[in-house]
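Enquirer: Below, each chain spelled out in residue letters.
Protein chains: 2
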Amino acid sequence: MLISKIGEFGLIERIKKLVKTGPLVIKGIGDDCAVLRFDRNKYLLSTCDMIVEGVDFTRKDSPYLIGRKSLAVSISDIAACAGTPRYALFSMGIPRNSTVEFIGKIIKGIVDLAKAYKIDIVGGDLSRSEKLIIDVNVLGFVEKINLVLRNGAKVGDIIFASGTLGGSILGRHLKFSPRIKEARYLVNNFKINAMIDVSDGLAQDLSHILKESEVGALIYEVLIPQSNQASDLEDALYSGEDFELLFTMSRKEARKLFSRRSKIFTPIGEIVERKYGFRLMDERNRERVIKPEGFRHF
Amino acid sequence: MLISKIGEFGLIERIKKLVKTGPLVIKGIGDDCAVLRFDRNKYLLSTCDMIVEGVDFTRKDSPYLIGRKSLAVSISDIAACAGTPRYALFSMGIPRNSTVEFIGKIIKGIVDLAKAYKIDIVGGDLSRSEKLIIDVNVLGFVEKINLVLRNGAKVGDIIFASGTLGGSILGRHLKFSPRIKEARYLVNNFKINAMIDVSDGLAQDLSHILKESEVGALIYEVLIPQSNQASDLEDALYSGEDFELLFTMSRKEARKLFSRRSKIFTPIGEIVERKYGFRLMDERNRERVIKPEGFRHF
Numbered sequence: 007m008l009i010s011k012i013g014e015f016g017l018i019e020r021i022k023k024l025v026k027t028g029p030l031v032i033k034g035i036g037d038d039c040a041v042l043r044f045d046r047n048k049y050l051l052s053t054c055d056m057i058v059e060g061v062d063f064t065r066k067d068s069p070y071l072i073g074r075k076s077l078a079v080s081i082s083d084i085a086a087c088a089g090t091p092r093y094a095l096f097s098m099g100i101p102r103n104s105t106v107e108f109i110g111k112i113i114k115g116i117v118d119l120a121k122a123y124k125i126d127i128v129g130g131d132l133s134r135s136e137k138l139i140i141d142v143n144v145l146g147f148v149e150k151i152n153l154v155l156r157n158g159a160k161v162g163d164i165i166f167a168s169g170t171l172g173g174s175i176l177g178r179h180l181k182f183s184p185r186i187k188e189a190r191y192l193v194n195n196f197k198i199n200a201m202i203d204v205s206d207g208l209a210q211d212l213s214h215i216l217k218e219s220e221v222g223a224l225i226y227e228v229l230i231p232q233s234n235q236a237s238d239l240e241d242a243l244y245s246g247e248d249f250e251l252l253f254t255m256s257r258k259e260a261r262k263l264f265s266r267r268s269k270i271f272t273p274i275g276e277i278v279e280r281k282y283g284f285r286l287m288d289e290r291n292r293e294r295v296i297k298p299e300g301f302r303h304f
Numbered sequence: 007m008l009i010s011k012i013g014e015f016g017l018i019e020r021i022k023k024l025v026k027t028g029p030l031v032i033k034g035i036g037d038d039c040a041v042l043r044f045d046r047n048k049y050l051l052s053t054c055d056m057i058v059e060g061v062d063f064t065r066k067d068s069p070y071l072i073g074r075k076s077l078a079v080s081i082s083d084i085a086a087c088a089g090t091p092r093y094a095l096f097s098m099g100i101p102r103n104s105t106v107e108f109i110g111k112i113i114k115g116i117v118d119l120a121k122a123y124k125i126d127i128v129g130g131d132l133s134r135s136e137k138l139i140i141d142v143n144v145l146g147f148v149e150k151i152n153l154v155l156r157n158g159a160k161v162g163d164i165i166f167a168s169g170t171l172g173g174s175i176l177g178r179h180l181k182f183s184p185r186i187k188e189a190r191y192l193v194n195n196f197k198i199n200a201m202i203d204v205s206d207g208l209a210q211d212l213s214h215i216l217k218e219s220e221v222g223a224l225i226y227e228v229l230i231p232q233s234n235q236a237s238d239l240e241d242a243l244y245s246g247e248d249f250e251l252l253f254t255m256s257r258k259e260a261r262k263l264f265s266r267r268s269k270i271f272t273p274i275g276e277i278v279e280r281k282y283g284f285r286l287m288d289e290r291n292r293e294r295v296i297k298p299e300g301f302r303h304f
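Residue numbers (this note's numbering), protein chains in the order written: chain A, 7 to 304; chain B, 7 to 304.
Rather than coming from a laboratory, the hints here were simulated on the basis of the structure. Watch out, some of these pointers could steer you wrong.
If several chains are the same, the list does not tell them apart, and a pair holds so long as it fits within one copy or across any two.
List time: in silico PhoX-like cross-link candidates among lysine-lysine, alpha-carbon distance up to 20 Å [stated by the list, open to error]:
1) 181 to 297
2) 269 to 124
3) 26 to 181
4) 111 to 281
5) 114 to 23
6) 26 to 197
7) 181 to 121
8) 160 to 124
9) 121 to 111
10) 269 to 197
11) 66 to 269
12) 111 to 11
13) 48 to 187
14) 181 to 22
15) 297 to 269
16) 26 to 111
17) 66 to 197
18) 22 to 124
19) 217 to 160
20) 111 to 48
21) 297 to 48
22) 160 to 111
23) 124 to 137
24) 124 to 181
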């Protein structure tokens, strides 16, 4: 049976079933970060993301931006848990015909973004491979009271997205700034119930929150903040790599957020009971079911 | 300029120069693990190792053993720092034509070895790639007083190796058991000055200790514990993937170790002043210079 038959998320489910974790693991496989015991006030966060030539970038992309992206995607996972990134290790599979200049620019892209986010690069591994591959592991911290996972959404919550969605493939996926500052602002000022970063598209990533929280959602077409580069609504729903924050909070907290007149955070819908599933209200007030589809590796 | 011109270690040197780390980093790039502040008594260790189809294994190898190896090499780095492994994350690049059975066996190999070493698997990332690639990140801990790095070897120290060396390519590289128990025995009973695991061959890995410690070494051909599978001395010196421990301790500590009549640890030579370089005394009492060569990715 080919791996595409069960798909990326089917495989993750199988791995989850095989793995049992001990009491020091607050959250294992299945969220944006692993959450591990650290000290009385803080948790340790760990996440890794692999980017692959031909899937996440091409050889024609700027090597500096390839390096930058390889770190940015892991930082975005730390943001999704409302943490602060602190350390990074990176493994690189490097094709034999690479030049020192090309690899040097990739590394510069990693190092510069690390500096901008005050992350110490502390190790890694270099290997030979046919296609260029970079896997970055980021360690971070989050105060226990500020940890946000995918599983805390409650019926009645308002769903928000940061920034705009869609069209990232036109270039933004290589240049985005992970939403650490925004996530920290949120948890320092509001009670956030659930959060994820939009890596595989709004439809798929919101589905993860719904599944983990055992709830449904109704989102409104008119509210979805489509990027200028999005070709249409479907693009904003399914195309992925936006690396924006998607989160839910109670109506009371949402009113507090509205009163700040923030331009970054847009309400896009509400959490409803699970039995209603995941629906979109279109511009003509017709509801349709949203399938949890988006970018999948296989 | 092609990357092979500066080589794997030349590239690591360049990265080291680009990277500055803060006060929470006890040891960054350039040892077996990153060593990070944790609490009053312990350090946090983090390491990652990438294994690549066609370089570290082939599609004809047992998928169970491929998975096992992907985790084992990172555990071996924790052993080299005398730590205890605790958590693992793994990223996999999976070719489209892979079967669920094949990938399932790889994951079983990872999960079983994790259980054997009491490691919690807490996360990872799945991606599509042309060749199978697995990058494993292991987090562990070491008591501050037990941390061993590459840079502590002192003139007069005796150099030891665990197990036997050479011929690993015939199959042992897929089945080795990382030397956690042995490393913990050593630091719990002796003062170890420097340690590394033999991943790229005795000659190259001992050279790392010599460089970091600013010393030289004289090793004795008759003492080198050649594996039954090693074809000759050169194989034992240069072939790599033994994943044995290589360490140095004072003569006084070495006498204590001798008195235990351990069959695992073999003295192979002594640390001398840097100006003598790295030499081997052959069976006819002739000295020759050992070049720091071994497995290199490029």
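Enquirer: With reference to the structure, classify each hint as holding or not holding.
Expert: How the hints compare with the structure:
1. Taking the shortest alpha-carbon separations for residue 181 and residue 297, neither the intra-copy value of 28 Å nor the inter-copy value of 44 Å comes in at or below 20 Å.
2. For the homomeric pair residue 269 and residue 124, neither the shortest alpha-carbon distance inside one copy (26 Å) nor that between copies (48 Å) is at most 20 Å.
3. With identical chains, the CA atoms of residue 26 and residue 181 are never at most 20 Å apart, being 37 Å at best within one copy and 24 Å at best between copies.
4. Taking the shortest Cα distances, residue 111 and residue 281 never come within 20 Å of each other, neither inside one copy (50 Å) nor across copies (37 Å).
5. In this assembly of identical chains, residue 114 and residue 23 lie within 20 Å of each other by CA distance solely across copies; the values are 11 Å between and 39 Å within a copy.
6. For a Cα distance limit of 20 Å, the shortest separation of residue 26 from residue 197 qualifies neither inside one copy, at 30 Å, nor across copies, at 36 Å.
7. Proximity of residue 181 to residue 121 under the C-alpha cut-off of 20 Å is restricted to the intra-copy arrangement: shortest distance 16 Å within a copy versus 40 Å between copies.
8. Proximity of residue 160 and residue 124 under a CA criterion of 20 Å is satisfied in neither setting, with 34 Å inside one chain copy and 36 Å between copies.
9. In this assembly of identical chains, residue 121 and residue 111 lie within 20 Å of each other by CA distance solely inside one copy; the values are 15 Å within and 40 Å between copies.
10. In this homomeric assembly, residue 269 and residue 197 come within 20 Å of each other (Cα to Cα) only inside a single copy, at 19 Å, whereas the closest approach across copies is 60 Å.
11. For the homomeric pair residue 66 and residue 269, neither the shortest alpha-carbon distance inside one copy (34 Å) nor that between copies (55 Å) is at most 20 Å.
12. In this homomeric assembly, residue 111 and residue 11 come within 20 Å of each other (Cα to Cα) only across copies, at 17 Å, whereas the closest approach inside a single copy is 38 Å.
13. Taking the shortest alpha-carbon separations for residue 48 and residue 187, only the intra-copy value of 18 Å comes in at or below 20 Å, while the best inter-copy value is 30 Å.
14. In this homomeric assembly, residue 181 and residue 22 never come within 20 Å of each other (Cα to Cα): the closest approach is 32 Å inside a single copy and 25 Å across copies.
15. Taking the closest pair of Cα atoms, residue 297 and residue 269 never come within 20 Å of each other, the shortest separation being 29 Å inside a single copy and 62 Å across copies.
16. Proximity of residue 26 to residue 111 under the C-alpha cut-off of 20 Å is restricted to the inter-copy arrangement: shortest distance 17 Å between copies versus 41 Å within a copy.
17. In this assembly of identical chains, residue 66 and residue 197 lie within 20 Å of each other by CA distance neither inside one copy nor across copies; the values are 43 Å within and 52 Å between.
18. For a Cα distance limit of 20 Å, the shortest separation of residue 22 from residue 124 across copies, 17 Å, qualifies, whereas the shortest one inside one copy, 33 Å, does not.
19. With identical chains, the CA atoms of residue 217 and residue 160 are at most 20 Å apart within one copy only, with a shortest distance of 12 Å there and 58 Å across copies.
20. Proximity of residue 111 to residue 48 under the C-alpha cut-off of 20 Å is found in neither arrangement, the shortest distances being 35 Å within a copy and 36 Å between copies.
21. Taking the shortest alpha-carbon separations for residue 297 and residue 48, neither the intra-copy value of 37 Å nor the inter-copy value of 47 Å comes in at or below 20 Å.
22. Neither within a single protomer nor between protomers do residue 160 and residue 111 lie at most 20 Å apart by alpha-carbon distance, with minima of 45 Å and 38 Å respectively.
23. Neither within a single protomer nor between protomers do residue 124 and residue 137 lie at most 20 Å apart by alpha-carbon distance, with minima of 30 Å and 34 Å respectively.
24. When the C-alpha separation of residue 124 and residue 181 is checked against a cutoff of 20 Å, the pair qualifies only within one copy, where the shortest distance is 18 Å, while the shortest distance between copies is 40 Å.
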